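Visitor: Below, each chain spelled out in residue letters.
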Amino acid sequence: MAALVLCGYCDTVHRRAAFATRKAARCVTCDAPLYRGTGDLGAMLAATVTAATAFAIANVLPLLQLTSQGQQTRATLWRAIVASYDSQLPLVAAALLLTLIVAPAIEIGLLLWVLVPLCLRTRPPGFAGTMWILHTLRPWRMIEVFFLGVIVAVVKLSAIATAVPGWGMFGVAVMTLALASLSSFDQGVLWHRADEVGR
Amino acid sequence: MIRGADVGLATCATCELVVNLGSDGAPPDAAQGEAQGGAQGEPWRPRALCPRCRTPVRIRKRNARTHAIALLVAAAALYFPANALTMMHTEQFPVARDDTILSGVVFLWERGSWELAVLVFAASIVVPLLKIGSLGFLIVTTARHSAWRPRARTKLYRVLEVIGHWSMLDVFVVALLTAVVQLGRFASVAPGPAVLPFAGVVVLTMLASASFDPRAIWDRGLSRGLSRGLSRGLRGGLRE
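Respectively, the protein sequence lines represent chains A and B. Each residue of the first sequence is one higher than the last, beginning at 3 in the working numbering. Each residue of the second sequence is one higher than the last, beginning at 37 in the working numbering.
Treat the hints loosely; a few may be bogus.
As the list claims (entries may be wrong) - Below, computed lysine-lysine pairings styled on DSBU-like, alpha-carbon distance capped at 30 Å:
1) A:25 - B:191
2) A:25 - B:97
3) B:191 - B:97
Calculated from the structure, these hints are not laboratory results. Remember, it's a predicted structure, so these values are computed and weren't measured experimentally.
Based on the provided sequences and hints, a complete structural model is requested.
Guide: What follows is the structure, encoded as structure tokens:
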């Protein structure tokens, strides 16, 4: 059965062919992407570590530097969240916390949990469950939308203050790119490796 | 073209393993194959547990059309308050203003960043409408077993999947502005009553397109029993 692939969009049966590039094989009936060529676990781990580092930078360094009437403020993600919580805006604080800190932290953490043991050729505990969580969370990843949101916010802020993007924004940008590059890897590779190294 | 449902094959929704739903080693008896593997009958009923990840394997998504319709109607209803109510309240002494989504776009335009204005207009106003309209179109055409350009309709569905979450843009902008301005104390920004219905539209349309099953676009042949004889002939060959 491993030699066959069903198109997820039109249910056409295909025979899997081996090829080396990361370009996607496409369905002959509906042209939807079926699967990708080799997925390099080492490269996936590298992208995840990059995302983790960038995530730390995005959390610690200021996203924006605001100047208004000679008063300067550095806005880090955490301070912005705490400030909106203190100002009786718990929903805003919760939304930002969930999408920008909790969700990426869970995704990066689980990816490391899966990738590090697989690269060392052991099967991580709770592999199937972890993969299920990753699979379920993926459509709800909003970090790239947030990145664009900061840019729009800077322009809107320019009406009331001078806003300059800080190094935290660089962290968000790199994390966005690293996580996006991970989606271009075939997740099936993880399952194949896990099957190889046994239960 | 051989289809998975014809030959008793299905993909595990979680780990993408191709699972043979025909009973192991049993002869490919036609009646049995129909009961277990055919797209007619109850293709959403779980047929087996995936041998790899232990999640139920179905031939088609469960109650796909009903769920998609319900979520889509809810999203369409929320679209009106989301656009009519205030999205963001700004105060910088002595000026106070209430912005809906549309007036926020106009504000961006007037500040000279027309690129961002177009972007926000597309993400916040066009994309939700497009999603509601096209998903409604897909639901109606599949319910009528339409044969109209299935390839183009599949492509439309894939576009819906990709653009789905970009409409959250305005929610992030409001949340960010609110949070950041709290730090500066030189002005005040507060989210308006439109934020929740707006976020609701985005989440509901995302759920609606996720619950729709694009394979229904291609199922019209099956529902008319066209490929039945063909598939029986092929079933034996694929079982090797």
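Visitor: Hint by hint, work out which the structure violates, then give me just those numbers in ascending order.
Guide: Checked against the structure, no hint fails, so every one of them is satisfied.
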